[in-house]
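Residue numbers (the numbering used here), protein chains in the order written: chain A, 836 to 946; chain B, 556 to 668.
Misleading hints may appear alongside valid ones.
To be verified - 27 angstroms max Cα-Cα, derived DSS-like pairs, lysine-lysine:
no. : chain 1 : residue 1 : chain 2 : residue 2
1   : A       : K903      : A       : K887
2   : B       : K556      : A       : K895
3   : A       : K945      : A       : K895
4   : A       : K912      : A       : K891
5   : B       : K612      : A       : K887
6   : A       : K895      : A       : K912
To be verified - Restraint ranges, calculated between C-beta atoms of paired labels, are given here:
no. : chain 1 : residue 1 : chain 2 : residue 2 : range
7   : B       : G583      : A       : E850      : 38 to 48 angstroms
8   : B       : K612      : A       : D890      : 28 to 38 angstroms
9   : A       : V917      : B       : T593      : 24 to 34 angstroms
10  : A       : F853      : B       : A557      : 33 to 43 angstroms
11  : B       : R564      : A       : V917      : 21 to 31 angstroms
12  : B       : S634      : A       : G938      : 21 to 31 angstroms
Honestly, the hints are just simulated from the structure, not real lab data.
The structure presented is a predicted model; accordingly, all values stated were derived computationally and were not measured.
Each residue gets a CB set at the ideal place from its N, CA and C atoms; glycine is no exception.
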Amino acid sequence: GDSVTQMEGPVTLSEEAFLTINCTYTATGYPSLFWYVQYPGEGLQLLLKATKADDKGSNKGFEATYRKETTSFHLEKGSVQVSDSAVYFCARAAAGNKLTFGGGTRVLVKP
Amino acid sequence: KAGVTQTPRYLIKTRGQQVTLSCSPISGHRSVSWYQQTPGQGLQFLFEYFSETQRNKGNFPGRFSGRQFSNSRSEMNVSTLELGDSALYLCASSLDRVDYEQYFGPGTRLTVT
Chain A
836 GDSVTQMEGP VTLSEEAFLT INCTYTATGY PSLFWYVQYP GEGLQLLLKA
886 TKADDKGSNK GFEATYRKET TSFHLEKGSV QVSDSAVYFC ARAAAGNKLT
936 FGGGTRVLVK P
Chain B
556 KAGVTQTPRY LIKTRGQQVT LSCSPISGHR SVSWYQQTPG QGLQFLFEYF
606 SETQRNKGNF PGRFSGRQFS NSRSEMNVST LELGDSALYL CASSLDRVDY
656 EQYFGPGTRL TVT
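Chain B with its partners taken away, still in its complex shape (with noise of 0.2 angstroms):
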């Protein structure tokens, strides 16, 4: 079974851009977070997703946002880019809500110039 795919994995945007990342969970999971993770704040829970509703939030700024399709593939966006969002965003995915195993896919290196 494939993994957890993240598309780009790499990434450079300038002061107030706006990027979307993509998630492609598992082959039939249904949840779908995603993390940040920098060396200062090391790795912070951003969102959850599941049967395309945000389930959960973390306390970041609603620059940050997500959705998900009928499919489970999710995206999140991140508009009016400043240098502190420079971090490896990671996706993660598992069967559904109660089973708590949560698989991670490579990440997507943003750097905010």
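Next comes chain A alone, as it looks inside the complex (with noise of 0.2 angstroms):
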């Protein structure tokens, strides 16, 4: 069925580091990919899609490539602020409007 895994944290980096979560999901079809961002206490964000391949989405200085050949959809900021810290999750689109999500990946920016 429709998986998504992306890497387990905690992710403890310090202030204006480059962060990378790795993302890959099961390649049932095209599906749209997204990344959503909690904060403590709160729902989820939408911080960045991309609906085919090649697609990069980019949103608040994070990025990410849909990698149809790796089945990936890596997250990226290339200078972390501590503002940036929150559990974020990888999720790929299937039938409808049914979300399947990743464990979810928990950062830590440290000043």
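Now that you have both chains on their own, put them together as the hints suggest.
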């Protein structure tokens, strides 16, 4: 079935460090792919999306490229801030509006 | 534009009781989906409603049900609550079934004692 696998956390970084969170998905068709972010006590916020191979989604300094050949959608940010501390979820769309999520990666950025 | 709203934000219930959670989508959005978030199972899809009809259902027992009203507002109901139903229940809305951008509400934190 549909599944999404992302690296386990926590990931601890210093401010201004480079962040990468790996995400791979099962290749059933050509699903839309998403990254969501969840801050403590809140719901999920859509961070970025890509709908077809080689698409690059970007927002707030975060980027991810839809790689069909490696079934990956890794999230990157060149210089993280303390405010980027959160849990990040990779997701793929399935039939209709069903989203399948990865397990989430907690990121902690220290000043 | 107002975001997705969910009520109540927090709820404490006893085993065996039932509970109803409410979700108001972003104005103009016609699709509403529900997800359960727990530390052990992560985020799991419950069901999706569009035009007052359930269009998709996740792998949850029949104790979990929902409905959607003509104004796109949605409710989900859990009957005969179990301790394992303690979770954050998230509602998400999207413009329609073609537009996959889903916007989430803050969630309802349900605790079953």
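So, going through the hints one by one against the coordinates:
no. : hint                                : in the structure
1   : A:K903 / A:K887                     : 8 angstroms, holds
2   : B:K556 / A:K895                     : 21 angstroms, holds
3   : A:K945 / A:K895                     : 19 angstroms, holds
4   : A:K912 / A:K891                     : 13 angstroms, holds
5   : B:K612 / A:K887                     : 25 angstroms, holds
6   : A:K895 / A:K912                     : 9 angstroms, holds
7   : B:G583 / A:E850: 38 to 48 angstroms : 39 angstroms, holds
8   : B:K612 / A:D890: 28 to 38 angstroms : 29 angstroms, holds
9   : A:V917 / B:T593: 24 to 34 angstroms : 28 angstroms, holds
10  : A:F853 / B:A557: 33 to 43 angstroms : 36 angstroms, holds
11  : B:R564 / A:V917: 21 to 31 angstroms : 26 angstroms, holds
12  : B:S634 / A:G938: 21 to 31 angstroms : 29 angstroms, holds
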